[in-house]
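These two chains come separately, so use the hints to put the complex back together.
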Amino acid sequence: MPRSVTLLGIAAAAVAALGVVGFMPIQTLSHDEIFEIPKGTWARRMSGDKVEILPDHIRLTLGLRDILVLRNHDDVPQIFGPTLMMPGQSFRLPFERASEYQFACTAHASGQMTIIVEPNPATPWARIAWRVRELLHSPR
Amino acid sequence: MRHKLLARLNSPRRLAAAVVALLLVASVQAASSAQLKAGVFDPPRQAPDFSLASSAGHELKISDYRGKVVLLAFGFTSCTEVCPTTLNTFALARRKLRSAAADVQVVYITVDPQRDVPARLAKYLGSFDPTFVGGTGTEDQLAAVRRNYGISAEKKTIGNDYTYAHSSFTYLIDRTGRIRALMPYGHSPDDYANDLTILLKE
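Chains as they are written, first to last, in this note's numbering: chain A, 1 to 140; chain B, 1001 to 1202.
Derived by calculation from the structure, the hints in this document are not laboratory data. Careful, some of the hints might be misleading.
Stretch-level coverage of chain B by chain A, calculated; a stretch enters the list once three of its residues show a Cβ under 8 Å from a Cβ in chain A [said to hold, decoys possible]:
id: 1; region: 1040 to 1049
id: 2; region: 1149 to 1157
id: 3; region: 1164 to 1178
Just so you know, even glycine gets a beta-carbon here, dropped at the ideal spot from N, CA and C.
Isolated chain B (complex conformation) (with noise of 0.2 Å):
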């Protein structure tokens, strides 16, 4: 094999021209990974997918959106500090991209079921984009899904009310149905353009 190889690379022109793709195949996979802001995870895994309730009444797998790039977030309605932050963070990111906006998907998980149902999710992720699509399920569902995607959400009392500590950060899933990036919580809405763009392109 590795003869033969060699065999088919004897001519000057031949050689010049496999070191050539060989820079242009490493400098496109350097580039496409130096250029993100959020963090890279390499070997990017195939994304677990789940069936959950949808906020637009239908079941909701994240295999469905193969051929888009995806943006998963973790989070609750009643959430007053990370939540809207982030989701308008999203919607801003998805007006810079105009056009190209149409290959983008908001998916954002519920960690409160009890409150979250598909109305509700529906009716919030409307105020901030039309397009952005909501999860829902039983506790065991939705704690099965943070399980494989390590997302933590942690219950707490206060008074007769509750809220919820959870993660913040957001997953860039390709058009592959690969878990590319992670982006922290607080990164601009530049920020996830430049990002979106880039997996876009691929």
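The shape of chain A in the complex, shown without the other chains (with noise of 0.2 Å):
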């Protein structure tokens, strides 16, 4: 077989799966964005340990992945996010309008926390970039 008509076959199929990709509707098993504090953190913290479990900006998607649940699985209160949270207390904070929400989190060295809200990604390219980021994100 030529090996123009290879290349072209394959540039046919990626082209085949970016369409797949960019037009089939996202569908996701859960709304939650979840962060956990494990046990032990604030006896770590104590020791020394710098524990960083909150990142100081969190991206959401309207409608796929808007809602922030916080876990505090120590023994100890815990200043988690905007909140201060009971020993096995957690926190679920849903989003309905994309925007930047800022939050004082007395936690983090800037002393703020932003959440970024976007869009529901309605264009081909948005859910690919979507899936893509996703896959990056996902627990191996």
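See the structure below:
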């Protein structure tokens, strides 16, 4: 088979794959973006470990992953994101509008935590970008 | 114990009734949490009590408002950005609730005791809604309240003046005095009215 035909076939397959990834509606099993304080975190911090659980920027997507869930599994109360959480307590914050939300957060050096809620990906390119980002951030 | 329970459910009618009751309880619990626009705590904890000077001229204790739904916010009367918007939102939400608003209490605790004496708090809050109550105290008293509620407040000097960067969210405390939810800054009066209506019905 000539090389040009093979390349053409590969290109066509790539375009077809992009088409599927871009046009196929995105469905998620859960809308939750979960962050957890593991047991023993306070003790680790007290012993000098720098434990970073919550990033200072969190990116959510409306209609797909738009609920921030924080859980404190440690034995002591902790400032987690915007709020104080008791041991064993969870906090579930839904977002209904795409926007940038600022929270004062003493757990971060900047004193701020930013949650960026992006609109639901409406175009094929936005869907491709979302799927790629999910793939890169999914636990291995 | 388990054996006795199973024995009681031995008739199909009783078993069906138990299943229906369980489904009803589960659906009511799910609905009451799922419909809130605010962030929900699970399990909710009791709101830590405090004793401060009230803008209404008496002692201010959060436990005095058991039986009402409380919106608890922290700020200062010289705040030009967050506080006026939040307090105006509370006032509009209360108006939307009409007669049910009688069971909603707004409690606003200052982070600036130097300027926010009770009379100043009363005048400021009264310009939004005469039912709003403010709380103030010593630096130490207010710091203790903030610590118990996970509130941050940082004083920032600007020339000869000063301002505060402070937590901008609002706690929703139910009729039994439990902190049920946290509403981030920027939500609409409709969102507050929605959540207050749900909590008032419990």
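Okay, the hints, checked on the actual structure:
Here the region 1040 to 1049 of chain B counts 5 residues with a CB under 8 Å from a CB of chain A, which clears the bar of 3, and the coverage holds. Beta-carbon proximity to chain A at under 8 Å applies to 4 residues in the region 1149 to 1157 of chain B; the threshold of 3 is reached and the given coverage holds. With 5 residues carrying a beta carbon less than 8 Å from a beta carbon of chain A, the region 1164 to 1178 of chain B meets the three-residue requirement, and the given coverage holds.
Every hint from the earlier list agrees with this structure, and none is contradicted.
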